[in-house]
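S.K.: The residues making up each chain are set out below.
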Amino acid sequence: MKNLVQVALGVLTAIGGFVDIGDLVASTATGARFGLALAWVLAVGTIGIIIFAEMAGRVAAISGRPVFDLVRERLGAGMGLANLLASFFITLLTLAAEIGGVALAIELATSVNYLLWVPLVAIVIWVVVWRLPFETMDNTFGLVGLALVVFLLAIWRLHPDWHGLAHSALHPTVPQGEGHPTYWYFAIALLGSAMSPYEVFFFSSGAVEQRWTRQDLIINRTNVLIGFPLGALLALALMFTAAIVLQPQGVDPTHLSQTVLPVSLAFGKLGLALAIIGIFACTFGAALETCLSCGYTVAQYFGWQWGKFVKPTQAPRFHVVVLLSLLAGTLLVLTTIDPIQLTEYSIVLAAAALPLTYLPVLLVANDRDYMGDKANSGVSNLLASLYLVLLLVVSVATIPLLIVTKAGG
Amino acid sequence: MRRAMTLLLLLAVSGCTGPVRSFGVYESKAANTARKTASAVATAELAVQVATRDRTFGRTAAQTLAEAARDAGDTQGIFDAIQPPDRRSDQLRSQLDDLLQPAVSTLEDLRTAARRGDVESMARIAAPLEKLAGELQDFDEAHR
Amino acid sequence: MRLSELLGCVVVDERGRLVGRVHDVRLVQDGPPIGQFGASLRLLGLLVGRHAVDPEHRRIQIAGSVDDLGPPEPIPRQPASPGAVSGPAARRR
Amino acid sequence: MQAAGRVLDAGLKLLDRQLIDSQGMLAGKVDDLELTPSQDDPQRLYVTAILAGPGALAGRLGGRLGHLLERTANRLRDSPQDRPARVPFGVVKQLNSAVDLWVAKEELETDRLEQWARQTIIAKLPGAGDAPQ
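Residue numbers (our numbering), protein chains in the order written: chain A, 23 to 431; chain B, 173 to 316; chain C, 2 to 94; chain D, 5 to 137.
One chain only, chain A, in its complex shape (with noise of 0.2 angstroms):
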């Protein structure tokens, strides 16, 4: 009964832990500009996040070695450190952008400069990393991103043409006035935005501070085949909302007040709380993991006590990682750099910077060594390989993709 109740928390955790900055501002950006043309994405970067996820899970459950320590052992020292620069970059950028995030959604709610919120924002986010045990703060802040569920209830309301809309998700084309480069470059922030690998990092490492053995092989699976499926909903309701409410008004959306619009126009003041209540959690959330995971890296490279599992003093060095990185974020965030372009720049560099992570995860996962008869299947293996390919290519396809569309213009 308690393994059931254990099961289920994790499932909703997930659903609401699933939602970030990145989805908030890539989902709503593309359902704006291209309807629901590109839902396609979101269910091809689901699939892949499920695949990733679920191994790294796996292999940190079987073998107790988080996404970092295979990283290392993988690539060797070099190889290692340069994916360790260019993955912990990314991840602060992430980092920068969820706290930017947590505090647009109190400025929505207050109308009070979000940068006057950063520093406190900051404060709370380093006491919860400090204080909170790991199970309540993962939980908690899932849990409340569930409110965002009222974006997913938004779609019914707000009465759409259900024959128009599933036609432009199953029949996807590039509207009118928007190019293909723009088209694939909003796939790729898209695709970065569902699989970021600041999730695996952190969905690994959770694994470890949770005590993960291969009795606890199930939470596994339920949480990512069931808990990111039903999160990434969440996140297709976002952009079915700004493809219903924002595309026919020709808006497209740069703030988070927009986002919220169909939500105030689908169910009023109450309506609008959620939302803003479901924002603040999932990016405060957010923030968390990926401070956390900025700690994680760089630990597990060189082989430092890390995790909340034990006392701050036992792991001095992870702490100090995990200060200064949110010391940098905050500090990055208050260059009055724009938080949502900050999210857009991280999300398309996450896409890029997928294979890094995702070799090592799949090599080990198929090490009989580490992994005896929990090694990857010849189905799994085979769909993998698949995605492996595909994230290559979206890796070489990034950056002048960025170039040639100026950011996706």
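Check each hint, because a few of them may be wrong.
PhoX-like, lysine-lysine: derived pairs with alpha carbons at most 25 angstroms apart [to be verified]:
| # | chain 1 | residue 1 | chain 2 | residue 2 |
| --- | --- | --- | --- | --- |
| 1 | D | Lys17 | D | Lys97 |
| 2 | A | Lys396 | D | Lys17 |
| 3 | A | Lys333 | D | Lys128 |
| 4 | B | Lys303 | B | Lys201 |
| 5 | B | Lys201 | A | Lys428 |
Keep in mind the hints are simulated off the structure, nothing from the lab.
Based on these hints, arrange chains B, C and D on the given structure of chain A.
M.R.: Chains B, C and D only, in chain A's frame:
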């Protein structure tokens, strides 16, 4: 790797503006400006719609309208800083300015009304927005 | 000496002909006991690959001719007796 | 104890693996291995220690990055002499997906930076010694 990425970021950010030498480029910038302004105007329309029907918080409405007004103002500022390269471009500019000017000032008025919580006058001020948004979109389509 | 000094080295035979690059070092646990670990690990041979060689890299010269070298024998699944495993490539001079 | 006579490739099965101490705490990586010639037969090389920490890692990275890391390591006094921190191979318990040790990491040279970070920064923050719930 990190240095390369930082460089790329800078490149991507700085690559957005540059001197404009031909009518074609100027025209596409003008179309872009019209589209962005239309987006801000449409946002304001929606914000007024939810505010007048009491479907949003005063502060959220104020925030939304402040952002829309700032976006429109910024977009106009960036466009005005571009030197028109020839006579045709001059004409295009004045044509677009006739749309930008009322859009920006209407959004500014709305921002002020929203900050005061003056919902009654918001609907009145916003009345010309629908027509303006349509004209801006037409301009965009004609010149892109 | 350190393991890293061997990895990546260029290997030439006694007549100076190129053998390849060290890409790994094979160890066998048959040395004298060391602390609580048990028998210590002894360097058994160098695994040499024939791909891209950086001429600037350190060199190792081996006894014998490049023609006498075969591919390394696979590591047996079960621990074998020391005699069962012969040197995969060559001993370091 | 390991089965005598087993064969393994150092780069694949030993290098870059995680060190885990007798308390289950993470104690660094196998950044390099120390090879020592036998006294009776200098042709025979034995693995006598694991080298761990920035001093050892710097040697492997080479180039400007390695140099930078080495200077940082020296400045932070990872090792008083001009050599990286060693973990004698005699304290190794088991080789698997990680390298298990017989001793606690506080007894190892590799732990100095960790202790430095603890004393100078982390221990000064409130609640640093509180056990996680």
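S.K.: Tell me, which hint numbers fail for this structure?
M.R.: Going through the list in order, the structure violates no hint and respects every one.
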